[in-house]
Amino acid sequence: SQTIHQWPATLVQPVGSPLSLECTVEGTSNPNLYWYRQAAGRGLQLLFYSVGIGQISSEVPQNLSASRPQDRQFILSSKKLLLSDSGFYLCAWSVPWTGSYGYTFGSGTRLTVV
Amino acid sequence: QKEVEQNSGPLSVPEGAIASLNCTYSDRGSQSFFWYRQYSGKSPELIMSIYSNGDKEDGRFTAQLNKASQYVSLLIRDSQPSDSATYLCAVNIEGGTSYGKLTFGQGTILTVHP
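Residue numbers (the working numbering), protein chains in the order written: chain A, 1 to 114; chain B, 1001 to 1114.
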């Protein structure tokens, strides 16, 4: 069966510090991978998605970046965090090339920038 | 115009009642439809998927799809306090450059009171 791991679960970082969140998927090959952010009381905002190694599409211009160094690894990064980067970050995977089966989300990282 | 719209609620129903959650979407090319449940502080969990017009039942949950009217709904029978959560509607448009991306509504907060 497929599983998705996301860490850390919570993170408190000062403004201007770097960020690295990691997500890995097991039990499947070449998944579509996604990074979402959910601000408090708000909906899901798609940040990045990837359909393969090294292939990253950005949905929202911001000071965040994503990388996919391996088939089942997806990393979200920032060089300098802003207060507005606080939120609940979710990684998700789906069967490649189709959305017919929906997404499976990781457990999320709650980031507080202070 | 938002692509996927939901009434943000909160929707409050008494225990044992039927909760009805609605979602409308704008793109007639949409082919796959999903309902996610998100408990406070947790990641979204897929609870229902529907692809054809009509009803799909799974336990106490029934998803209804009407492509002509571009709406999808979720009925929860015999609502329980444990059903209290935010319910997210998600829609997939197959083909083109969508690469299986889902578009999410803002979510409806459901509260089931004893």
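Because the hints were derived from the structure by calculation, they are not lab data.
Glycine residues also receive a C-beta, built at the ideal position from the N, C-alpha and C atoms.
A hint or two may mislead.
In silico lysine-lysine, DSSO-like type, Cα no more than 30 Å apart, as pairs [as the list claims (entries may be wrong)]: (1) Lys1042(B) <-> Lys1056(B); (2) Lys1056(B) <-> Lys1101(B); (3) Lys1101(B) <-> Lys1067(B); (4) Lys79(A) <-> Lys1067(B); (5) Lys79(A) <-> Lys1042(B); (6) Lys1056(B) <-> Lys80(A); (7) Lys1101(B) <-> Lys1042(B); (8) Lys1067(B) <-> Lys1056(B); (9) Lys1067(B) <-> Lys80(A).
Distance windows between CB atoms, simulated [stated by the list, open to error]: (10) Ser1(A) <-> Lys1056(B): 34 to 42 Å; (11) Gln62(A) <-> Ala1017(B): 29 to 37 Å; (12) His1113(B) <-> Gly54(A): 47 to 55 Å; (13) Val60(A) <-> Ile1018(B): 31 to 39 Å; (14) Ser1069(B) <-> Glu22(A): 39 to 47 Å; (15) Lys1056(B) <-> Lys80(A): 43 to 51 Å.
So, against the hints stated earlier in the document, which numbers end up violated here?
The structure breaks hints 4, 6, 9, 10 and 11; every other hint is satisfied.
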